[in-house]
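**Student:** Model the full structure from these sequences, guided by the hints.
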Amino acid sequence: MGKIKRLIKGKFKDQKGLTYIEVMIAIVILTVGILAQLSALTFSMIRVRENEQRNSARQIASSAIESIFAARDMGSANGLNNWDAVNLSSTSPNGIFVPGWHPIRRDPGRDGIHGTSDDACFYNSVCVVAGYTNSSELDLDFEREILITDIPETGFSTVRKKRIDVKVRYFVGKLLREEKISTVIADLPFYN
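Counted the way the numbering used here counts, the sequence shown spans residues -7 to 184.
It should be emphasised that the hints constitute simulated quantities derived from the structure, not laboratory data. Keep in mind that this is a model prediction, so the values were computed, not measured. A few of these clues could be false.
[Claimed, not checked] Quick list of simulated restraints, FRET-style, between CB atoms:
| no. | residue 1 | residue 2 | range |
| --- | --- | --- | --- |
| 1 | Thr146 | Phe35 | 47 to 55 Å |
| 2 | Ser55 | Thr146 | 27 to 35 Å |
| 3 | Thr150 | Ala62 | 19 to 27 Å |
Backbone N, C-alpha and C fix where the C-beta goes; we use that ideal spot for every residue, glycine too.
**Tutor:** Below is the structure:
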């Protein structure tokens, strides 16, 4: 044992240890690095959630547009057929589609078309239309608005057209975000 102690004493005799200031500086640098990594991780998780919500909002908007095309192509259970389903009037400014912001229901209702009166009722209520009750689950993270506007006819074309805007809004943390998908739908002769 004594030999080992003498060897260690002789070997490390000229070296000096770290001062407290050097240790404190090293700890501060390591702490800043760790906090930067945690901050980057948190920001990354928020961005992942935001992208997830954005993709869901786009899918909801696309689904509503597909429903509008389906209403034009097949008619609806509400008694409006083909072009009349998306036609504007003073009593129904969006045709069969309910105007304004509404929650998203999992079940599109009896007619199978998103955004109509059998699935676009307000929060904490069931949708009852012509004896059909839609009490399906609400997706509280999203709200949808369908806006249908006439496109004036030009002198060259007599095809009636409408602009369809579907907006979906959602929250990412406390920030309100909105996705909008627009398209044009036409009343072509073979749909009548």
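**Student:** Taking the Cβ atom of Ser55 and the Cβ atom of Thr146, is their distance within the range 27 to 35 Å?
**Tutor:** For Ser55 and Thr146 the Cβ distance comes to about 31 Å; the hint holds.
**Student:** Thr146 and Phe35, beta-carbon distance inside 47 to 55 Å?
**Tutor:** Check passed, 49 Å falls within 47 to 55 Å.
**Student:** Given a hint of 19 to 27 Å, does the C-beta separation of Thr150 and Ala62 actually sit inside it?
**Tutor:** Between Thr150 and Ala62, where Cβ atoms are some 25 Å apart, the hint holds.
Of the numbered hints given earlier, the model fails none.
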